[in-house]
Amino acid sequence: MDARVRRVVLVVAVAALIAAGCGGGTDGGSGGRGSHDGEAAYDTSATLRLGANNNPPQFDPASGVTTGVDYTYYPPLYDRLVQLDGDLQPQPMVATDWETSSDGLTWTFHLRDDVTFHDDTPVDAEVVAASMNHARSQRGALAASYGENIADIDAVDPTTLTITLRSPDELLPVRLAFEVELSSIVNPRSLGSPELASSSDGSGPYRLAQVRQDRAVYEKVPGYWDEEVDQRAPARIELIGIADDQARANALRTGAIDGMAVYGEIPDLDRLADGENLIRYDFDRTNRHWVLEMNRDHPELADPRVRQAISLAIDRQLISDTVLWGSCTPSVQPFGAETVGYDSSLDAGDYYDPERARELLADAGADDLHLDFLQLGGTAFQQVTTALQGMLEDVGISTSVDVVEPQVGVATFKEGDYDLTALLPGGAPDPQMSLEAWYLGGASLGPIEPATQRAFDQASQASLGSDERDQGFRAVAQELAVTPLNATICMQTSVFVFSPEVDGVMEQSMPYMQVGYDLARLAVTAS
Amino acid sequence: MLRFVGRRLMVSLPVLVIVVLVSFLLIDVMPGDAARVLAGERATEQDVAAARAQLGLDDPLPARFGSYVADVVGGDLGTSLFTGRGVWESIAEAAPPTASLLAVGMLMALLLGGTFGTAAAVLRDTWVDRGVSGLAALFTAVPPFVIALLLIAPLALDRSIFPSTGYADAADGLGEWLRSITLPAFCLALPAAAELARQTRGALVDALDEDFVRTARAAGIGEVSVVGKHALKNAGVPIVTVAGLQVGRFLGSALVVEQVFAIPGFGSLAYSAVTNQDVPLIQGIVLVSGIVVLLSNLAVDVTYGYLNPEMR
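Protein sequences, first through last, are from chains D and E.
Just so it is clear: in the first sequence, position 24 is 24 by the numbering used here, and no numbers are missing.
Just so it is clear: in the second sequence, position 66 is 1066 by the numbering used here, and no numbers are missing.
By construction, these hints were calculated from the structure, which means they are not laboratory data.
Every residue gets a Cβ at the ideal spot worked out from N, C-alpha and C, and that includes glycine.
One thing to keep in mind: the hints can contain errors.
[As the list claims (entries may be wrong)] To give a feel for the contact side, a few chain D residues facing chain E, derived at Cβ under 10 Å: (1) D60; (2) V65; (3) A141; (4) W225; (5) E227.
[Unchecked claim] The list that follows gives simulated cross-link-like pairs (lysine to any residue, SDA-like), each with its CA atoms no further than 25 Å apart: (6) K1233(E) <-> R1003(E); (7) K220(D) <-> S198(D); (8) K220(D) <-> G1084(E); (9) K220(D) <-> D1172(E).
Chain E extracted, bound-state conformation (with noise of 0.2 Å):
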């Protein structure tokens, strides 16, 4: 298994790599200029010119790239233009609200997914299946910004079960943090866990329907065992495959959701950063999330070995 995981990594190097060089070649090819953003509203062309030297940006391609490399391996991912807060202090900072996002809104779509999916498998066919299908089509064309404004209303400022605006810190309280993310996160999740309950009703309908399940219900083991033993481990790859897609796309929605919500989280900071042009945190913010999609998709091929041994 160790061999395998590390033959994953050697595979996600380059694109690691391709991910450094997408990330820095944005302050060449994004609309704007740096260095006017640097130098103020009111700058002179002198004014912007020194603050392009102060930037590098006069330097040639090659040399800034290699110092750019070399700052990104010494953990130094530079400074915002706008709050001159180091970068990688201001991605730390909105790491939690929106990693706690992220694994509450995955637990949830998870839960449904699997739950709603199972259940119109088991009960294909019925009205449980066709409603559950019906639904997951519906909340899967549906944005999760859409889902919060509907939502907001009756039950946040309607009625004060959760908050409508804002992100409590775990450390000042497990109940006021859950509070803060429950609705957030559900709106990120219900279109998540849509795609889940399509597609685990899909391949546990396959799966159900194979030879193996035949003979162990032949043999007498339980119906829940066989669905949940059984069949479920064998319609695991697909629905892992999708439940590892849903990381990217959480981070995209993020980015809506949290200005939504007013969360101070990961996609506040990237709409702060690009409504700012703040080059070297956007440069940052890529970077962290292109290692996050290739991490995610690491342990979706690690569980592809824990759930199919011949793929190892």
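For reference, chain D alone in the conformation it holds in the complex (with noise of 0.2 Å):
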């Protein structure tokens, strides 16, 4: 490693610990980590407090902005046709099956006839299709751009409801298990409705009690039609936004919450998680990776020698073991390990060569290049830029940062004005998702390399569960690897700290995803 580069990563890693000496003790120890599996009774009279990193959103499902934030607060309190195990499959809920047209263009959905809104209106196809048919209709909110596939919603008879797309897709159930401001079952009464902004109006388990600054307050529905969702469900749920790591830290050790995410490093988590009064919960199999958005739309970054040139110059290694307190393993493709069409092949591989890369800068002729390099705000953030800068400037780039807050980071990038931005997307269900939202559109910002685009197109024309689609999503990986559109750098860890107390956590699906939580998945043992 080059001598330059290891002085601003030990820059770097010696704030961080000046950073975490600030925050509070620093005990090491050995953590415990692991499931909460068996038997076991559950206190359905029990109130669970979990904290969050951001206060509640607005909650008409229609209007919701950020998957990421929206998929944990919506699901208690609206079903939908069809929801995510924790193996991130498609599974019935209000949906009871569901087949597709020999041309892949009509969809059709049999539907429960027990399900119920908290008013006893029945949920039929008839309202599921005025609720899905209104949230498309909201130009301009994200409930529009995922409904863009969609013909048309009818409902055929009660318990029978279709969905016409535009153009085939296999993935219609996972979509609309996943993409929730779309797909939340809203009582026609409410639909539209300014007072659905700070209540709730659905058949799911839960109801919305309160709403405050700090805290949405889920209050359960006695009579849900899911029994096992029922006999376990605990009589209220608070999810309470605490911004600051350390605070929500605290507030888990003193008993004010029973449950937290981890987003930054907490200097004393394994003090913290002991094991016995809190358990640590790794999710490694995580979709969630570090990438640096590149915006091809600028003539430098155009060229694929550049872009190959900046994915040389970053010791992935490094910025996993310094600044991202080891929870990031390093890797040139955007799937987990255990995701279809991940290649353990190309993570063996060195991607780190600063000599190489300044070989190709040269050949490009852009070997005085400046950058403009949109930081977000956040320890984290802040760090890994300070690396990647430190690296960049080794083989010649330069590069000046402006910072946003994280929530508008990709809004902002979305503006054209700047060249890098390093992101850590939430994964989605599926890989065909994750690259249509951050490689091939959604903040990916320029053209697209044809080869790329070939393969994703064949890959994603490839039946569920194929090795056709496997292999042709190895191939995207591979063509990212060698001519990357953006540079991954490492797949996140997603990491929980829970009392013994809590169970279901592994169960969850969305920790896989984004760090949020399944609220309708958890349950609170009887002592």
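Using the hints, build the complex out of the two chains.
What follows is the structure, encoded as structure tokens:
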């Protein structure tokens, strides 16, 4: 490793240690981690209090703007046709089963006949169609963009619903399970009501009892149709927004909350999660990954040699080991190790080669390159950006940095004024959706290499679960490793800490994609 | 006195207009695009254009300002982009915790600063004076969040004397309310108390050297009365000035202290609004903060009039 890069990373690491020292105690120790399996009696009168790093959003699904936040907050209140299990596979919810026409354009969903809203109005195909049609008609909202491929949603009879697509999409059930802004079933009497921003009118296991600045309080509705959920669910759930990581840890330590998501480094995490009083859970099958987004609309970055040079300049192992507290596995592909399309041989290769990076830059006539870097606020983003800046400088690329808050980072980058930004995008249930969101569309700016686009089209047209699809996405990963559109840095583990009484942690789907909860999967065991 | 208050109010009006103008212009001068925030992370350019029209950002600036002023005067500060709740509603909900911190913190600062400042002045050039002056210089330089980080471990984590996070509403019990705000209020109060102690000492030392104090002592008036009734009142103007300045300082420091203690107050609301680029909420917070500081300045001016009738 180059001495200059070592110095930069050392400075960042020392800064991190100083920050850690300011943040609270620093005692080490071995941390317990694992699952809470086995038979248990559930305390259905309990209140489960969980810490999040954001305050509650607005609660009208059709107006939701951030899937990563909405997927935690809406599902306890609103049922969907389909839900995701802990393996990110679509499972029946209001729809018992579904089939597609031979041309792949028309999907037929068969619905349960025993689901009712909290006011006892039946949830039938007509109200599902009304709810989803309302959501996708909200111009300028996330639900509308999710519904762009939908041509029609029709109720055939009370228990049969058809969705007609503009182009075939085998992932429709997965999308309906994940894209809660579009698929949450809202009581027709409340569609478009401004009251819905801070109340609920759904058929989920909970109703929204109270929304305050820092918390959402969910109250269980007796007699939920899914008996398994009904028999486990605690009487109340309070999701409390505590922005500061150390304050969240303090709240957990003193019993003010029963569980927390870990967003950044907590110096005494191992002492906090000692395996007895508090248990650490690592979700390492995640698709969440750090990526250096490159704006290919800018002439310098349109040249694949420059992007390749940038990727070769990044010492992924060093970033993971130092600034990301070892919780990120170095990788050059945007898929997790157990995801379709993952190619282990790619990550076995050495993609840190500053010498080759300098040669590529010289070939491209970009040996005096200056790039504008958009840095998102927060310790982790600041440290990763600083490390990347040092590594780029080492191959002759100078950068200037502007800072914005993380929640608006993607929106600001999409304005197109910046060349680079380091992001930690939430994963999606399927690699195709991740690629659509972060590499071939969404936050990704600029033209796509024809070979990459061809490989993606071929992979996405293959049948779900087929070897052809797996091979297809491996081909995409190989293209992205050799000729990167953006530079993948590492796969980020989602870390949570819960009290031992909290059950169902590992059955959640959300932590495999983002740092959030599947609230309806969690239970409190009776002591 | 009423005429004096009226004059001060009239002087405050132009400042209020500037505060309204600044809060209005925030949507244009802040980095980022509120329409993109509203449209969501996967919005197309058409989606962003639709969101911009929904926010009224396509209208000419003067028309938007006229509409904004009309809304503010009518008590409508708009709706949060992130929560969909009314800005007034959000601010009203966040006000009690911060008002509690401000009130208890200011009381602590006045009691600590006044007591130690007076002691240092009366015992001038003794070890008490030197000790108070040294500690005051130290605590003036220490930010409240550092004090918070130092106190949380021994008082909240190791021993549960105070909670480490959260706010208990006064309606749910005065004891719990006081317990929940004592530590954060003390963190806010300590630097302010140090500043007040320095000012009190300085002003009182000057006042104690005045002829009227010598005359009062010569007339046989007791030392407590000389210091408390005569000297302190004459030293009051600079002390009140510094105390008034602490309101703005408290509001600024609350932003960090409320994060450390996870208190859902005005500072946390401001933090959340800024991180979510929730422009209507930021505008409301700037406007209300400006009005609070204006009112505190007005209170300081009125107190000047009480302490020194020549200033009316």
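Each hint tested on the structure:
1. The criterion of a C-beta within 10 Å of any C-beta in chain E is met by D60(D), whose closest approach is roughly 6 Å, and the hint holds.
2. Taking 10 Å as the C-beta contact cut-off toward chain E, the hint placing V65(D) at the interface holds, the least distance being around 4 Å.
3. For A141(D), the suggested interface contact is upheld, since its CB lies about 6 Å from the closest CB of chain E, less than 10 Å.
4. Taking 10 Å as the C-beta contact cut-off toward chain E, the hint placing W225(D) at the interface is violated, the least distance being around 28 Å.
5. A least Cβ separation of about 33 Å between E227(D) and chain E goes past the 10 Å threshold, and the interface hint is therefore violated.
6. Between K1233(E) and R1003(E) the CA atoms are separated by roughly 23 Å; this keeps the pair inside 25 Å, and the hint holds.
7. For the given pair, K220(D) sits about 17 Å from S198(D) by alpha-carbon distance, which is consistent with the 25 Å threshold.
8. For the hint linking K220(D) to G1084(E), the alpha-carbon distance of about 24 Å falls within 25 Å, and the restraint holds.
9. Restraint check: the Cα-Cα separation between K220(D) and D1172(E) comes to about 24 Å, which is no more than 25 Å; the hinted pair holds.
The structure fails to meet hints 4, 5 from the earlier list, while all remaining hints are met.
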